[in-house]
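Undergrad: Chain by chain, the residues:
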Amino acid sequence: MRSQRLTRRSFLQGSAGIVAISILPVPGLAQARQDNTAGIATQRIDGRAKVTGQKVFARDFSAADMGWSGSEWYALYARAITTSRVFSGMSLSLLPPEIAPAKVIYGDDLSSSQRAPLLTGKRDLHLDTRSHFDRPDSYNYDLIVQRGNAADYLGQAVALMLFDSRESYLAAKSAMQFRDSDFQSYGAEAEPKPPVIFSPETLFVRYDHDATSFSYAQESDADYKTNAPFFQSRITDYLESHPDLIQHSFAADMQAMDPMFMEPESGLVWIDGLGNTLRLVLGTQSPDGDIKDIVSMYDSPDAPLHLENVELTSCYPGGGFGGRDSSPFSLMLALCAPYSEGNPVRLSYDRFEQFRVGLKRHACTLSGMVAVKPDQKIMVNQMDFTFDGGGRRNLSPYVAQLAALCSSGSYDIPMANVHAEAVHSTNISGGSQRGFGGPQAYFAIETALDEVASQQGWDPVDFRLKNVVSEGDRTVSGGEINQSLRLEEMLETARAHPVWAERAKIKAAYAAKGQTYGTGVAMSMQAYGTSGDGVVASVTINEAGEVSVASDAVDMGNGSATTLATVVGEVLGRNASSIEMGGYSLFGETGLHTASGGNWDDPMWTAKGVGSSSACLTGLHQVHVVQQAAKALFLTTFLPQAQNAWELDSLKMEQTKWVDGFLTYLPGGKMPLAQSDLAEWNFANMGVSSMLAHGFYQGTWTSGEYDLFGKTRLEIDGLAFTSSLGGGYTVIPRENTIPPQGNPRDGRYVWAPAVNLIGLVVDKTTGLVQVENAVTVLNAGKIHVEPLVSGQAQGGLAMAIGYTLFEDMPPGMSGPANGEWNLNTYHVPRYGDVPLNNGYAEGKRNQELVLLPDNGEASGRGIAEAVMVSIAPAISNALKDACGQRFTSLPITAEKIREGLAQ
Amino acid sequence: MSFPITINGTLHQVDDSLSGTKLLDYLHEVTNLTGTKLCCGIGICRACTVSVRKAGNDYAEPMIACSTPLNLLSGAVITTIEGVAEGDRLSAIQQAFLDNFAFQCGYCAPGFIMASEVFLSWLQTAQVSEAELDGLIENAIGDHICRCTGYIRYYEALRDVAVKTLEAKP
Chain Z
1225 MRSQRLTRRS
1235 FLQGSAGIVA
1245 ISILPVPGLA
1255 QARQDNTAGI
1265 ATQRIDGRAK
1275 VTGQKVFARD
1285 FSAADMGWSG
1295 SEWYALYARA
1305 ITTSRVFSGM
1315 SLSLLPPEIA
1325 PAKVIYGDDL
1335 SSSQRAPLLT
1345 GKRDLHLDTR
1355 SHFDRPDSYN
1365 YDLIVQRGNA
1375 ADYLGQAVAL
1385 MLFDSRESYL
1395 AAKSAMQFRD
1405 SDFQSYGAEA
1415 EPKPPVIFSP
1425 ETLFVRYDHD
1435 ATSFSYAQES
1445 DADYKTNAPF
1455 FQSRITDYLE
1465 SHPDLIQHSF
1475 AADMQAMDPM
1485 FMEPESGLVW
1495 IDGLGNTLRL
1505 VLGTQSPDGD
1515 IKDIVSMYDS
1525 PDAPLHLENV
1535 ELTSCYPGGG
1545 FGGRDSSPFS
1555 LMLALCAPYS
1565 EGNPVRLSYD
1575 RFEQFRVGLK
1585 RHACTLSGMV
1595 AVKPDQKIMV
1605 NQMDFTFDGG
1615 GRRNLSPYVA
1625 QLAALCSSGS
1635 YDIPMANVHA
1645 EAVHSTNISG
1655 GSQRGFGGPQ
1665 AYFAIETALD
1675 EVASQQGWDP
1685 VDFRLKNVVS
1695 EGDRTVSGGE
1705 INQSLRLEEM
1715 LETARAHPVW
1725 AERAKIKAAY
1735 AAKGQTYGTG
1745 VAMSMQAYGT
1755 SGDGVVASVT
1765 INEAGEVSVA
1775 SDAVDMGNGS
1785 ATTLATVVGE
1795 VLGRNASSIE
1805 MGGYSLFGET
1815 GLHTASGGNW
1825 DDPMWTAKGV
1835 GSSSACLTGL
1845 HQVHVVQQAA
1855 KALFLTTFLP
1865 QAQNAWELDS
1875 LKMEQTKWVD
1885 GFLTYLPGGK
1895 MPLAQSDLAE
1905 WNFANMGVSS
1915 MLAHGFYQGT
1925 WTSGEYDLFG
1935 KTRLEIDGLA
1945 FTSSLGGGYT
1955 VIPRENTIPP
1965 QGNPRDGRYV
1975 WAPAVNLIGL
1985 VVDKTTGLVQ
1995 VENAVTVLNA
2005 GKIHVEPLVS
2015 GQAQGGLAMA
2025 IGYTLFEDMP
2035 PGMSGPANGE
2045 WNLNTYHVPR
2055 YGDVPLNNGY
2065 AEGKRNQELV
2075 LLPDNGEASG
2085 RGIAEAVMVS
2095 IAPAISNALK
2105 DACGQRFTSL
2115 PITAEKIREG
2125 LAQ
Chain U
381 MSFPITINGT
391 LHQVDDSLSG
401 TKLLDYLHEV
411 TNLTGTKLCC
421 GIGICRACTV
431 SVRKAGNDYA
441 EPMIACSTPL
451 NLLSGAVITT
461 IEGVAEGDRL
471 SAIQQAFLDN
481 FAFQCGYCAP
491 GFIMASEVFL
501 SWLQTAQVSE
511 AELDGLIENA
521 IGDHICRCTG
531 YIRYYEALRD
541 VAVKTLEAKP
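Residue numbers (my numbering), protein chains in the order written: chain Z, 1225 to 2127; chain U, 381 to 550.
It should be emphasised that the hints constitute simulated quantities derived from the structure, not laboratory data. The structure presented is a predicted model; accordingly, all values stated were derived computationally and were not measured. Any given hint could be a false lead.
Which residues of chain Z face chain U? A few of them, derived with a C-beta cut under 7 Å, are [stated by the list, open to error]:
| # | residue |
| --- | --- |
| 1 | M1486 |
| 2 | G1781 |
| 3 | K1988 |
| 4 | N2048 |
| 5 | N2062 |
All C-beta atoms in this analysis are idealised placements derived from N, C-alpha and C, irrespective of residue type, glycine included.
All chains should be modelled from the sequences, with the hints used to inform the complete structure.
TA: Following this line, the structure appears as structure tokens:
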């Protein structure tokens, strides 16, 4: 039987009526052990459940575990093996009748809204021009190919097979696996389809020279489009009129990469016909978008049923890295629901299927040119990126956008002409992936600059130092940088590290052993967050003072659950002992709305509810809103109780401090008060028990004044409370709103810079590379939970090594689209591939994370992507140093190295 | 006809019709023990590692559950991740992995724990020196795949427990 779990509801307006949405936490998840050290995490809050094998992942649950009635059915999708011929249908005669599917659903059996649901707009960099649905017909591809049509991409579903028993499912799957052509029929050659570029394309033209300043961010949309060609030609004129410029042209290409998160996508779905409730069990990074898209599937007159409720149990994903952000998996799961005769359905990919259809990091080809003055000042950056978006648009154009935004790297380059596009192809769909375009961009700029330095005989660190961007400068899009970057400090820290400072000596030591060693440096300035981020969280206390947190964030392993449970400790004197993640429907309880055409004059309006959960949103965004909610709770509970207990006329939060679970009065002369006593008194006085807060960040946080026993300004745009008497949330109106100060056209507002040093050996005979030393100098801002930060750096290094040296995925049916790929074909880094000595010691394989000294920065930075995006160029630069050869085609395999050295 | 398999101390009589069933499927579908994880399903990643003491052996060995059919396990004593803790008390390696923040998403953690448990159990009676530990640890967990962590915290935690295990030996 399913235990009672607190449900949170919000509502979506469909064309057929209101649909109630509920998000449930993982059933039966044990709470963390109480940690008495407020603000310090001694273990992951979800850790105990994971080390004891409790059910926390979507794959762990059965319909019986969920208390759903009926027998579990099993779904299996047949996948397109060609796009050049028309699909006729399945040929299942080779299957014995006893293992044949109970149902076969084709694309033409589906309603239009099921087959090609209108997906919610994925907005980025254009928050001010958003519309709700943004997908033209030219790439409105069917979830299941209709008979008589050709597939639009390899791996596109051509049929849904539903089995009414596990035995028949397993037997049929076994019979059909690796034999697609025996079970699928294709007919005539299909007409070739016109090429499609996924909208929007990105063009950043920046001209900041000769007392003229032009950029995307500084102009209106109309003026920018009108004048960009003029400034492109001025850049060309500049290049032609300055023959002293060192003009270095370059090209690079990167393969597609699989996130290879450890838990293949899996989920359960059931339509509880009694209330037309769709129930789902999923591990997703984007519960908000997934739910909206699923509702859209059933939101048309010809939909097989009318939904009144959607209930999602949001599980911890077994890894994500962006691969579960807006994944089509949730749609494929929801598609199964109406056809199982009222029974629950399980859709569980195995690893072959996951490789075949899971979202990928895009393959990319790029070319460019940097122009540098003899005094080492970089003057021009020109780049052109083409991302292979694969079949579905997904987030591809925004990945391309961010690549363009990262293309000038960490440097103040006054003139830039950067174009980026994502194109449809018949390959596996690309999507959000750790770095979101950053890896490709930083590889381009950091290898190009390294090559210039090498050719000119310049010190690569000095060259970078002469060009670094600073607070007050502008990015390639013209966006203002209003954040301390500390890039010079980071480069000097790297320069002083023995891996760099003693690189000649280290190289000689390896040479004495007959080994070829090289050292490379690279730098990045990865933005975290998007062009506008909405975040929601609640913080609750009980009579005993125990704290619980709920957040829309999803913890895919990055540790956001632990971080958010810990950061309340410094505000409330105690870490949270339980936390609910993935609670996107919390937003519905704030009373706020995001209606198109609204503005900040409306105290109930905000620019964005919530978005997909990215690991890089924890350090600043998620922590901020949780702490603001905790602060509001403190101000309305513990503070008035303390004032009363201390018999003071007034008491401010700044006059108090928590010490070992006791609230102390900083001016002195008052007995410390136990947090549990304060909580008990609060409840005895029927005080507040929970605060729910929403925040919107766009360069700065929206702020407002809230009546919390006196007007208090908080950096949130929505606040609601519950009292110890129970009941739902009551809104505390926002007054005197200060909107966010960022320019939406800036695109990004906060950065987590990193400098990477790589020392490696390369065997010139075999081409094999081994990383010997890896140093990351990281600007992470305020550190909330250090082991989680260093863990991200360690994992990022391993993933980057794989991306750069091993992970290779050819397009077309030579690659995983053929359904035959697994870990015997796709090689991810193993234990032996990474240096394991934590720190630096001569003679060992070392990796070290160097965090910048605390300079009082109030907030953390989102570092999950920053820790890996410039490792690939550092490896290429190290190889150049080792063997004199530049490698710009990723992965830099042993074969490519042998070929390169043979030239 | 049936054959016996003991899982976490519970004796199961497995019908012969299930003799070809993979251990992982049996754990998930029959015993509802889902702590042992499916990742690659072809025996490479080792996320599905369990501890097995085969009939007639006095030692346990790590075994991948995704590729081992039940008919090879007649009479075996199997421990899965759910059988490691004693009530509320975690094993040394479970606690060490927690204290060291050794895992992130945690999906591979059961496999690492079971391989480590077998290794540490062997270490209690093996004649080895601390200098040999790094190589032995690599043998024990070096083939396990983790996508999140970069392995270093798993290594540090296991090494710490291994050193203490050596030190505790008489």
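Undergrad: Going through the earlier hints one by one, which of them does the structure break, listed in rising order?
TA: 3
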